[in-house]
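From first to last, the protein sequence lines stand for chains A and B. Using this note's numbering, the first residue of the first sequence is number 1, and each one after it goes up by one. Using this note's numbering, the first residue of the second sequence is number 1, and each one after it goes up by one.
Bear in mind the hints are in silico, worked out from the structure with no lab data behind them. Note that the structure is predicted; figures quoted are calculated from it, not measured. All C-beta atoms in this analysis are idealised placements derived from N, C-alpha and C, irrespective of residue type, glycine included. Please note that the accuracy of each hint is not assured.
Stated by the list, open to error - Which residues of chain B face chain A? A few of them, derived with a C-beta cut under 8 Å, are:
| # | residue |
| --- | --- |
| 1 | P40 |
| 2 | L44 |
| 3 | K49 |
| 4 | I60 |
| 5 | G62 |
| 6 | F63 |
| 7 | A86 |
| 8 | F90 |
| 9 | A101 |
| 10 | L102 |
| 11 | F104 |
| 12 | S106 |
Said to hold, decoys possible - In the DSSO-like style, the derived pairs of lysine-lysine whose C-alpha atoms are separated by at most 30 Å in a straight line are:
| # | chain 1 | residue 1 | chain 2 | residue 2 |
| --- | --- | --- | --- | --- |
| 13 | A | K9 | A | K44 |
| 14 | B | K42 | A | K44 |
| 15 | A | K9 | B | K42 |
What the hints assert, rightly or not - Listed next, with one range per pair, are the computed distances between beta-carbon atoms:
| # | chain 1 | residue 1 | chain 2 | residue 2 | range |
| --- | --- | --- | --- | --- | --- |
| 16 | B | I60 | A | T5 | 37 to 45 Å |
| 17 | A | I15 | B | S106 | 24 to 32 Å |
| 18 | A | S67 | B | S14 | 46 to 54 Å |
| 19 | A | M41 | B | A54 | 29 to 37 Å |
| 20 | B | S12 | A | T111 | 43 to 51 Å |
| 21 | B | K68 | A | T7 | 20 to 28 Å |
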Amino acid sequence: NAGVTQTPKFRILKIGQSMTLQCTQDMNHNYMYWYRQDPGMGLKLIYYSVGAGITDKGEVPNGYNVSRSTTEDFPLRLELAAPSQTSVYFCASRQGESVTEAFFGQGTRLTVV
Amino acid sequence: AQSVTQLDSHVSVSEGTPVLLRCNYSSSYSPSLFWYVQHPNKGLQLLLKYTSAATLVKGINGFEAEFKKSETSFHLTKPSAHMSDAAEYFCVVSDGAGRRALTFGSGTRLQVQP
């Protein structure tokens, strides 16, 4: 019953540091997504992937990179952390288009100081 | 392009009274619509979904929503609020085109007063 697993749950970074947020799912879903949620706001799409080897930008991709070498894993990389990247990050997966719901991880709370 | 507007950022009700959370959408295609709930410091949980079958959709915990194409609305209702319903609620649209992603509304925070 693992579903979508994100690590770490919390992290504090200094400006300019790098880190990778991990996301893995065990449901054999093709689609995976990274969203960020700022206080009082909805979720904004950072990057998404429709299958291994395929990634594409969302609404707010600047400052982030992703890769999708396997169906299960979809890590999100922050190269030079900035205070504007302080947020809660959610990974999600979905079987296919349109009619299927997404399953979300528990989130990673990132603070950049 | 698809978009979602949640008409109220905050809704406050008394326990035992009805809940109405309003959502309007815009989609170039036949949309799928979802309501998710987020309890404080938790992830997102699916409440219900509309996928072009019945227009009245029943979800978990007594919630339901009605898809009205003519009004481009998908309002969430519950006959009687419970204290445990206090949370953030997100209306979400997916039209299966373009980025094949889910587009979120800005959320409605539901407060339930004793």
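Hint check results:
1. P40: Nearest chain A Cβ about 12 Å off; hint violated.
2. L44: 4 Å, holds
3. K49: 5 Å, holds
4. I60: For B/I60, the interface hint is violated, since the closest Cβ of chain A sits about 12 Å away, which is over 8 Å.
5. G62: 19 Å, violated
6. F63: Since the shortest Cβ distance to chain A is 15 Å, the answer is violated.
7. A86: Violated - the Cβ of B/A86 stays beyond 8 Å from chain A, reaching only about 16 Å at its closest.
8. F90: Status holds, d = 6 Å.
9. A101: Since the shortest Cβ distance to chain A is 5 Å, the answer is holds.
10. L102: 6 Å, holds
11. F104: Result: holds, 4 Å to nearest chain A Cβ.
12. S106: The hint holds - B/S106 has a Cβ within 8 Å of chain A, the shortest such distance being about 4 Å.
13. A/K9 <-> A/K44: The given pair, whose Cα atoms are some 19 Å apart, holds under the 30 Å limit.
14. B/K42 <-> A/K44: This hinted pair holds, its Cα atoms lying about 17 Å apart.
15. A/K9 <-> B/K42: 11 Å, holds
16. B/I60 <-> A/T5: 37 to 45 Å: 23 Å, violated
17. A/I15 <-> B/S106: 24 to 32 Å: At roughly 28 Å between Cβ atoms, B/S106 and A/I15 fall inside 24 to 32 Å, so the hint holds.
18. A/S67 <-> B/S14: 46 to 54 Å: 50 Å, holds
19. A/M41 <-> B/A54: 29 to 37 Å: 32 Å, holds
20. B/S12 <-> A/T111: 43 to 51 Å: Once the Cβ atoms are compared, 30 Å apart, the range 43 to 51 Å for A/T111 and B/S12 is violated.
21. B/K68 <-> A/T7: 20 to 28 Å: 41 Å, violated
Hint check: violations occur at hints 1, 4, 5, 6, 7, 16, 20 and 21; the rest are consistent with the structure.
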